[in-house]
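Engineer: Residue strings, one per chain:
Protein chains: 4
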Amino acid sequence: MSDAAAAPTGDVIRFRVRYAETDAMGVVHHSRYLPWLEMGRTELIRARGYPYSELEKRGVLMAVIEVQMRYRAPAAYDDPIRLETRLVEFGRVKLRFQYRIYHDTTDRLLAEGETLHAFIGRDGAPLRLASQFPDIWQRLQEIAGIPSSGGT
Amino acid sequence: MSDAAAAPTGDVIRFRVRYAETDAMGVVHHSRYLPWLEMGRTELIRARGYPYSELEKRGVLMAVIEVQMRYRAPAAYDDPIRLETRLVEFGRVKLRFQYRIYHDTTDRLLAEGETLHAFIGRDGAPLRLASQFPDIWQRLQEIAGIPSSGGT
Amino acid sequence: MSDAAAAPTGDVIRFRVRYAETDAMGVVHHSRYLPWLEMGRTELIRARGYPYSELEKRGVLMAVIEVQMRYRAPAAYDDPIRLETRLVEFGRVKLRFQYRIYHDTTDRLLAEGETLHAFIGRDGAPLRLASQFPDIWQRLQEIAGIPSSGGT
Amino acid sequence: MSDAAAAPTGDVIRFRVRYAETDAMGVVHHSRYLPWLEMGRTELIRARGYPYSELEKRGVLMAVIEVQMRYRAPAAYDDPIRLETRLVEFGRVKLRFQYRIYHDTTDRLLAEGETLHAFIGRDGAPLRLASQFPDIWQRLQEIAGIPSSGGT
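Residue numbers (the working numbering), protein chains in the order written: chain A, 462 to 613; chain B, 462 to 613; chain C, 462 to 613; chain D, 462 to 613.
For reference, chain A alone in the conformation it holds in the complex (with noise of 0.2 Å):
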């Protein structure tokens, strides 16, 4: 991603597991990280000062076009969780952001991963913010700690 720069900013949650993210193993299904990751990115998001509640109702969706995880320990019902979220690179049309998973009172590392994502309209065709959202592209590169460089 030729566009992207090293945007290292960092965000943690905090929350409980709840029964209905456990399987039969007796611990956290692996597909119930995914939403959890999502709430990183939105608190992450809100708390610059951008709801992805905002960019939605603009027209201007985030699609998950990559996710890796790995699972390193089991999480239990009712285990507190830590979750770290930081947004890596940010272009001008697709962002990274990496995560990591805590046992909150223990700190035991219990999972990692990244999400790749794409601009798109509400038509799912690819967006170019730069150009055709310029005020929330500014204020994403704010968010993201970056200069704006002034598009194309």
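No lab work stands behind these hints: they were computed from the structure.
As the structure is a prediction and not an experimental result, all values here were calculated from the model.
Remember, identical chains collapse to one label, so a pair may be satisfied in a single copy or spanning two.
Using 20 Å as the maximum straight-line C-alpha spacing, the simulated SDA-like pairs for lysine to any residue come out as follows:
hint : residue 1 : residue 2
1    : 518       : 541
2    : 518       : 477
3    : 518       : 540
4    : 555       : 534
5    : 555       : 531
6    : 518       : 584
7    : 555       : 521
8    : 555       : 589
9    : 518       : 585
10   : 518       : 479
11   : 518       : 583
12   : 518       : 539
13   : 518       : 535
14   : 555       : 529
15   : 555       : 533
16   : 555       : 604
17   : 518       : 604
18   : 518       : 487
19   : 555       : 524
20   : 518       : 537
21   : 555       : 603
22   : 555       : 500
23   : 555       : 535
Given the structure of chain A, go ahead and fit chains B, C and D onto it with the hints provided.
Structural biologist: Okay, now just chains B, C and D, sitting in the frame of chain A:
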């Protein structure tokens, strides 16, 4: 529901319990039965020649406004499930389905349920099918096995 | 339920709607409210000093045997939710909770629900707490605000 | 994974998208593909004559330790889905599956994925199938189409 009529029509679908549907008790989580009921409704309507996805394209949504479930016996991963769905009420603004869920090889009754639905538009406002979508109204009445009374 | 007594105790939790809880109607899928009710029960019991995870470790499970939901108004992604949970019946073999779900800033009632539970063991067989786990029975009665009547 | 061998075996399952699997973007939520992959593995193993539920009864669990997904095109409610599953690595402690998900009537590739698994016991500790469960190890090797090399 004064405008409803008895409209017993039935359908059966079969499927297996997914691992992701189980919880730490080792059985299917009680919330996971609700998507099954939705599958039953979908297939009942499709079998009558009017896929629900077509209704949605026309702007006719069926919002769930009530759910009742009684859980009789647990279901486990990979269990073969048989779901019987009946449309039991069909009125101008609401319709009601009843469901019975069985273990398909033992015939043990696992759960019974009922859902009540309202027709709404994309904006969430109630629709009166008979006057606003008379062709759909007539078609759904045929599906329900009720002679059309002319609407409104 | 002749052995139950009115035991109104209440609790409130607040959280936001996750994106993964929405469906193609743009609102929270009706099945997704059930895990919320479970969170309400979990926090009500924890607030009284007896985490449900502790009950499970002792081999006392609370199986859901009935659910009733009435959906009043839709909830959308990122909406702030307030869930009020009350323990309304507490008997030797069953207990009943009632729930009211609100949009936390508008105070609009979104849904009401009720769940009925039975105490069962790891083998799925019903437990009679009063005789089989008298210490848990006594503790839960205190939680419910009911003076212990000595069990059996 | 030095003890793994190329073991291309394949299987195909077909199903429809459930309403509960969609999200507010109007398409299948990205987390919902993971239970599909699980169905693919389940049916691949069953087709070879060894249901995963049997493995679990013997105390042999297949924990997911890595997931990679690439999403190519969205899937909508009621879309007919075709999932192709291949067992591509089969070693003493790990196994790897690859998946391709298609729209079944247009043959459009919707997503590709890969999962890596470890054999673990009920206590979560790694198992070495070849020495601890030689009969299962031999049977799984036959399933994978690899001649048994004697284990350890």
